[in-house]
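Visitor: Chains A and B, in that order, are what the protein sequence lines are.
According to my numbering, the first sequence is numbered sequentially starting from 66.
According to my numbering, the second sequence is numbered sequentially starting from 171.
It is worth saying that the hints were derived from the structure and are not from the lab.
Here a beta-carbon is modelled for each residue, glycine too, at the ideal position from N, C-alpha and C.
Hints are supplied without guarantee of correctness; some may be wrong.
Chain A is faced by these chain B residues, among others (derived, beta-carbon under 8 Å) [as the list claims (entries may be wrong)]:
1) D200
2) T201
3) K210
4) F212
5) M216
6) F217
7) I226
8) V230
9) F260
10) S264
11) L273
12) G276
13) S277
14) G278
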Amino acid sequence: EDQVTQSPEALRLQEGESSSLNCSYTVSGLRGLFWYRQDPGKGPEFLFTLYSAGEEKEKERLKATLTKKESFLHITAPKPEDSATYLCAVQVGGGKLIFGQGTELSVKP
Amino acid sequence: DTAVSQTPKYLVTQMGNDKSIKCEQNLGHDTMYWYKQDSKKFLKIMFSYNNKELIINETVPNRFSPKSPDKAHLNLHINSLELGDSAVYFCASSQQRQKGEKLFFGSGTQLSVL
Chain A
66 EDQVTQSPEA LRLQEGESSS LNCSYTVSGL RGLFWYRQDP GKGPEFLFTL YSAGEEKEKE
126 RLKATLTKKE SFLHITAPKP EDSATYLCAV QVGGGKLIFG QGTELSVKP
Chain B
171 DTAVSQTPKY LVTQMGNDKS IKCEQNLGHD TMYWYKQDSK KFLKIMFSYN NKELIINETV
231 PNRFSPKSPD KAHLNLHINS LELGDSAVYF CASSQQRQKG EKLFFGSGTQ LSVL
């Protein structure tokens, strides 16, 4: 069965304290791994797509990496405005996305 | 100009009622989706339409019926609402169903069944 698991469920950081979020997956036929950011009361907002092991993508303080079994979202020197829930999802056939349960990140000044 | 808009934002209703949620996208996308997010923030796909044709229908009770009058609109009608239907429902769209095609989400409809 296709499955996505994110850890930790919640992460509290001080401003400037770098860390990583994990997304482990087991799917048959990965067509892409996605990272989304979700703010309270809003819909998920696209961050990155990764397709193959070894691939990396960066955007401001965020960097996403991919292996054959997991993906990491590295946050370097986070700021309070990075506080949000970060969702990982894998794409399978038919364009369907299977989401993990998310990591709620809180960055304190 | 909102890319994916859904109405209403909040919906509070009694058990047994019938309600609808509307969704419209102005991105010119071919594919639209309904996702349900439970209280633990877990997002799960319910339906997907491509050019008005149903292509994904997950294990969802028959009380839920999607309707796509054209490729820019995908509405969700729910009959005989139950307490367990309380959740946030998100509409989304993508250009196509191809590999790596990212989804654009609406801001959600928070449904509370009393």
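Visitor: In ascending order, which of the hints set out earlier in this document are inconsistent with the structure?
Guide: 1, 5, 6 and 8
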